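Engineer: For the protein sequence lines, the chains are A and B, in the order given.
Everything in the first sequence is counted per our numbering, starting at 1059 for the first residue and increasing by one.
Everything in the second sequence is counted per our numbering, starting at 90 for the first residue and increasing by one.
Possibly wrong hints are sitting among the right ones.
Calculated pairs, SDA-like style, for lysine to any residue (alpha carbon to alpha carbon, straight line, at most 25 Å) [unchecked claim]:
id: 1; chain 1: A; residue 1: Lys1321; chain 2: B; residue 2: Ile242
id: 2; chain 1: A; residue 1: Lys1094; chain 2: B; residue 2: Cys177
id: 3; chain 1: A; residue 1: Lys1364; chain 2: B; residue 2: Lys247
id: 4; chain 1: A; residue 1: Lys1211; chain 2: A; residue 2: Gly1237
id: 5; chain 1: B; residue 1: Lys254; chain 2: A; residue 2: Asp1067
id: 6; chain 1: A; residue 1: Lys1366; chain 2: A; residue 2: Arg1417
id: 7; chain 1: A; residue 1: Lys1364; chain 2: B; residue 2: Lys264
id: 8; chain 1: B; residue 1: Lys102; chain 2: A; residue 2: Arg1417
id: 9; chain 1: B; residue 1: Lys247; chain 2: A; residue 2: Asp1081
id: 10; chain 1: A; residue 1: Lys1364; chain 2: B; residue 2: Ile242
id: 11; chain 1: B; residue 1: Lys264; chain 2: A; residue 2: Thr1454
id: 12; chain 1: B; residue 1: Lys139; chain 2: A; residue 2: Leu1224
id: 13; chain 1: A; residue 1: Lys1366; chain 2: B; residue 2: Arg168
id: 14; chain 1: B; residue 1: Lys165; chain 2: A; residue 2: Glu1458
id: 15; chain 1: B; residue 1: Lys247; chain 2: A; residue 2: Asp1078
id: 16; chain 1: A; residue 1: Lys1377; chain 2: B; residue 2: Ile159
id: 17; chain 1: A; residue 1: Lys1321; chain 2: B; residue 2: Gly146
id: 18; chain 1: A; residue 1: Lys1364; chain 2: B; residue 2: Val135
id: 19; chain 1: B; residue 1: Lys254; chain 2: A; residue 2: Glu1322
id: 20; chain 1: B; residue 1: Lys255; chain 2: A; residue 2: Lys1321
id: 21; chain 1: B; residue 1: Lys253; chain 2: B; residue 2: Leu199
id: 22; chain 1: A; residue 1: Lys1419; chain 2: A; residue 2: Val1477
Please keep in mind that the hints were generated in silico from the structure rather than gathered at the bench.
These numbers come from a predicted model, not from an experiment.
Now for the letters of each chain:
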Amino acid sequence: MNDDVNLEDLIDRYLNGELDDVDKEWLAFRLDSDAKARQEFVEFVNWDTEIRSALNQNASSASNLLPGEVGFRALSKKDGSGKLSSSSLVLAVTIAFCLAIVVNQLMFRGDRKQQEPTELAPRQLPASIARVTGLNGDLIWTGDRGQIVRSPKVGMELAGGTIEGLAPDSWFELRFNDGSTVMISGSSLLTFGDDGQKVLRLREGHLSGKVSPQPKGKPMVVSTRSAVLNVLGTQFNMEANLSSTDLMVSEGSVRFKRFSDGKEVVVEAQHQVTTDHEKGLLPIPVPRSAFNWKSRVDGQVGNYGKWKPATLDTPASLKAIPLVPAENPDVTLYLAGMSVNRSDGSPVVVMPHSQFVVRGKMRSESRVYFGIRVKHPNGEYAGMFRGDLKNQQPITKIDETGRFEAVYQLKQFTIDPVVVARRGGNASSPDGLVLDGVWAFTHTKDPSGLEIFDVELLPPSN
Amino acid sequence: MSNVNDQRDRIAKEAMGYRIELIAYARALVGDHATAEDIVQQAILVVFDKYEQFREGTSMLAWCRGIVRIEVLRFKGRRSKERTLAVCLLDDAISAAYEEFQTQRRSEELDAWRSALRECLNRVSERGRGVMQARFVDGLGYSQIAEQLEMTIEAVRKSLFRHKKKLRSCVEASKRQDL
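Next comes chain A alone, as it looks inside the complex (with noise of 0.2 Å):
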């Protein structure tokens, strides 16, 4: 092979995440040094993205014509390229829904009086599809003609969208114009519509649903980077990052395929399956409850933080970033936040008389401030609630280096004073409930430096 190919194959592994560091660094020396490749560079992913764009302009035309297709198709080994089809028909939708709704933030943002309807062009407005039924922390909703709302409020009509949770302690609830719910907690990112099916798009985060019979033909669909739900009427949870996806179903069933092999297995209640294992794709039974639990604080999904790894004296760390809370924008908080995982997929119950210890350190002594955020077992929103209200917490101490070890007894805990007027009410305590998030911050003039090394949660000891 001459050095062009060589190149080009360089470019296509680099594009495909095969480099490792030493192929990254002589791919950056062939750009510094040869005006020829970096332009062969260019011109390698820009025909890449236009031959990509073209295609998907092919796809979305199919699949406007196929709005009930939208769900999986029999992948047998001899059905072609047509095999592909339906996972691209449900990225084409996805893709197509977001390019819209930025397409009508750009267009329609504007001066609405530019807007108003004429009698030659009369405008249809958008019908509503679901209603906010309940919400919390910081979000972000955008859609319904380029509306971008901080804060949306309960009792909202939507027309489909985007709702982006920014915070450990977001979270937002979806009701269905036909009694279907959707929830997510933490921070994560939906795109929703309703066109006579529902197509959901969960980028990154955790959903729960509770979904209704749904019309037959026409599933409700959830996509994420990684595989596509069929939902016909159930009760989920599912998690998804950039490259995984897992769903736990409650009760019902769910059918699941995973995009990177074309893999499709129907999840049972009680039942959970990831797109993580390489080999099979095997629902497992839910395993059974733990009682404890340690945090990872690596880039794993849900987390809120800045990862800074373990270097020779420190642990690796999640580093506080600054909140400016949406009710208080006076205020700067500077807050790391957890999803809580286990490795088993167990779920964590909080047991009365637990307690949790925050390990980390900071810049000088500060309060600690602790909460969590709780699920009943079928995935249901249970609570929020806070380890450091009951009594005032005190200034947490630190030692030379600036580490610090703060304990939070469970029955100090009390429910998160910003979640209190929720409708549907909360549990008043979070004992024998499924532990979802953990979050700490500090509430300082300045930047505290707040790093956690590790949340804990342990049993009663008796």
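Take the given structure of chain A and dock chain B to it, following the hints.
Structural biologist: Chain B in isolation, oriented as in the chain A frame:
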């Protein structure tokens, strides 16, 4: 007020005209098409908010690329992965390559070019389209495409290479015809 809206809409619309170029740039930095599209979607919202910062007479594409670059860095930060030295070097080299070789094209010229590309795509065999669809739209790796289409990995690689080359020749031929 109306002038302000006009200016904002004009700039946003012009930026939207470069969406595919911006996706190409973002993809060069993040590797993944879908992520690149999300990043550009976010960047265009930033353009909408920061339109006043665009200096008339300068390159809109270059300005938007700067915004995409920031969004890429934010995205990489959110993934909580430390950028290694190699990644930093490569990101810088890629950005330099784009500044040098990604040029603004007139919209009519682009429209004609894209129309020719779509036309040429229609001439690709069904199997060839299947391979390209799997690679570019579904984002599958070579081994996954090979398994799905019962081909060898090398055959998939060669098929893509061959079809891309054919497409290029086809588009260039139709451009020559237009002249």
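Engineer: Run the structure past the numbered hints and jot down the numbers of the failing ones, going up.
Structural biologist: 3, 7, 8, 10, 11, 14, 17, 19, 20 and 22
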